[in-house]
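Undergrad: Take a look at the letters that make up each chain.
There are 2 protein chains.
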Amino acid sequence: MKPINIMLNGMPGNVASIIAGHIAADDRFNLIPFSMTGAEIEAITHNIKGLDFKLLKPDEIENSVLKIIKEFPDMIAVDFTHPTAVNKNGEFYVKFNIPFVMGTTGGDRQALSKTVLSSSISAVIAPNMAKQIVGFQAMMEYAAETFPDLFKGYTLQIKESHQKGKADTSGTAKAMVRYYNKLGIPFAEDDIIMERDPEIQKREWHIPEEHLTGHAWHTYTLTSPNSTAKFEFSHNINGRDIYAQGTIDAALFLHKKINEEINLQVKGKKGTVYTMIDVLRGL
Amino acid sequence: MKPINIMLNGMPGNVASIIAGHIAADDRFNLIPFSMTGAEIEAITHNIKGLDFKLLKPDEIENSVLKIIKEFPDMIAVDFTHPTAVNKNGEFYVKFNIPFVMGTTGGDRQALSKTVLSSSISAVIAPNMAKQIVGFQAMMEYAAETFPDLFKGYTLQIKESHQKGKADTSGTAKAMVRYYNKLGIPFAEDDIIMERDPEIQKREWHIPEEHLTGHAWHTYTLTSPNSTAKFEFSHNINGRDIYAQGTIDAALFLHKKINEEINLQVKGKKGTVYTMIDVLRGL
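Which chain is which? The protein sequence lines are F and Z, in order.
351 is the number that our numbering gives to position 207 of the first sequence; each next residue is one higher, with no gaps.
153 is the number that our numbering gives to position 9 of the second sequence; each next residue is one higher, with no gaps.
To be clear, the hints were calculated from the coordinates, so they are not data collected in a lab.
Careful, some of the hints might be misleading.
Which copy is meant is left open, so a pair is good if it fits within one copy or across any two.
Claimed, not checked - In silico SDA-like pairs for lysine to any residue, Cα to Cα no more than 25 Å straight-line:
hint: 1; residue 1: K374; residue 2: L356
hint: 2; residue 1: K296; residue 2: N191
hint: 3; residue 1: K201; residue 2: R340
hint: 4; residue 1: K400; residue 2: I351
hint: 5; residue 1: K146; residue 2: G250
hint: 6; residue 1: K374; residue 2: S257
hint: 7; residue 1: K258; residue 2: T372
hint: 8; residue 1: K374; residue 2: N272
hint: 9; residue 1: K308; residue 2: I329
hint: 10; residue 1: K239; residue 2: E354
hint: 11; residue 1: K326; residue 2: A187
hint: 12; residue 1: K201; residue 2: I337
hint: 13; residue 1: K296; residue 2: G165
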C-alpha cells in the first residue's frame, strides 16, 4: 500500500506533537512537512524527531494549500488545534476537498457536522480518540438503555485525577454521569471528586511521577444499600499514547471509507460524518 | 396485591435458608411452611427466624403436593437445592403445574429447558441470581460482539477470591474469558488466578473477616502494550444478599408474566423459559 499523506495540524502544540511522532514512525503514513498553526504562534518551523515542519499561519494557508495538495495528493488532515479553530478549519478542509480527522474538542459541533454533511468530503469527528474509553462508554450507554434502574438503591462515587492546570471537571466523567442516572442512581456532575494536587496524586493515587503532568484517571464505585456488593470500573491513562493510537486507527478507517466511496463512484455524493464508534465497529 | 405463595426448596441448605429469610420478611410474599429437601437430610423440620418449615423428602412429596397446592393456590416454587436434583425437580414442577425460579446450578440445562418448553408452565432459569453481575456480563457480551479486537495487544489478568472449600474456578470468571478473547486478548481459563487462603484474603484482599466464609470477588485488569493505559473492572460480593434480591425480583417477574399469560387466555399455551436478562429488562 502506498503511504497515506497526512497533514497534522496543531503543531507546536503538545498533543499534536506527540501524535506527529507516532504517525511519523508508522510506515503506513507519510507525514507531510506542513502544519497549520495559530496566528499567535511566533515560530515558523517546528522540529520533531529530526523532522522539520513549516508552520502555516491562518493568513498563509489559502495561498499555499493548492501547491501542497498537488505535491501530496489524496491527503488527509488530522486536526489537533484549538477549540476556536474547529469550525474555521472544518470549512477550510471542505473548501479544498481534504477529508479530515477532527481530534480537537470544542467549537460549534453541530455546525461542524453540517459543514461536512453539505460537502462532498467525509470526516471522522471525535471528541475522544481513546478507542477503549469510547468502547467502555458505549458499554455503559448500552446498559443504561437496556437495563434501566439496574443499580437502583446503590450509591455512586466518581473520582478523577488530571494534571495540575486542568481547570474543568473531566468531560468523560461528566458524560458517564447520565448513564449512571439512567441506571437508577441520583448523581450530579458536581458530585464528581476532582484531584489536581500532584502530591496527593503521587502519594495516594500512586500515579507515576513522570505522568503527573499528563494523565487522566477515572474510578467509578457502586456500592449496594447494605454494602455487601461493590462494583468498580476504572480507566487510568498516562500520557497521550492511547490518543495517538486511536488517531492512527481513525485515519486508516477514513482512508478505507474514501476508497470505498471512490469505488462506488456515487455521483453527487454528500460528505459523511463518522464517529469513533464507527471506527471501533470497523464497518 | 394478595401476597404470592412461595415454596422455597432446598432447606436446610445455607443459600436456601438465607433467601428464605429475605422472602419471609417481604410483604409481597407468603412463604409456605414446606420445603423440598434431599433424601439424605435427617431433620424433618427447619426453623428460620421463628418460622417452622416441614422438610419434604423426595418419596413424600408426590403424596403431599396436591394438598399443598389446594391450601396455597397459584404457588411459585423457588429452587436452591442441589445440582443432582435440578432435572428431577423441573419435571416435578411441570407435572403439578407449578411455575418455578431455578436458582440451582448444574444438571442437564438443555433438558431442563426442554422440560419447560414442552409443558404449559413458565420458569425463570438462571445460573446467577445477582442481577448486577448478569447486567455487567451482558455489557461485556455487547462489547465483544460489537467491537471485536477493541483490546487487541492488551494483556489481561483475572483474579478471583472465594471462600475456602470452593474447589473449582469461578464460573462467572470463566464465562468472562470468552468475551475478552473476542475483544482481542488470548487468555485461557487456566490463566485465572484463584485465591482460597483466608489469611491472604484478609491481609492482601482486605475481605472483611465475617465474609471469609462466603464471598465472591473478581477483578479483571487490562493493560496496554506500553503500560500507559489500564482498565480495571471488579465486582466484589460479600454474603448472599445480592442473590436473595435477585431471586425476589425473578419471582415477582415470573408472577407478572403468569398473570399476563392468564389475561391473554392463550389456548394450548406452551411454557416459556425466561432468563435473568429478561428479568433485568423487565419486559
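Undergrad: Each of the hints needs a verdict: does it hold here or not?
TA: Going down the list of hints, with the structure as the test:
no., hint, result
1, K374 / L356, "between (29 Å within a copy, 16 Å between copies)"
2, K296 / N191, "neither (54 Å within a copy, 32 Å between copies)"
3, K201 / R340, "neither (34 Å within a copy, 64 Å between copies)"
4, K400 / I351, "neither (38 Å within a copy, 50 Å between copies)"
5, K146 / G250, "neither (33 Å within a copy, 56 Å between copies)"
6, K374 / S257, "neither (40 Å within a copy, 32 Å between copies)"
7, K258 / T372, "neither (49 Å within a copy, 36 Å between copies)"
8, K374 / N272, "between (28 Å within a copy, 16 Å between copies)"
9, K308 / I329, "neither (30 Å within a copy, 34 Å between copies)"
10, K239 / E354, "neither (42 Å within a copy, 68 Å between copies)"
11, K326 / A187, "neither (49 Å within a copy, 47 Å between copies)"
12, K201 / I337, "neither (40 Å within a copy, 56 Å between copies)"
13, K296 / G165, "between (46 Å within a copy, 22 Å between copies)"
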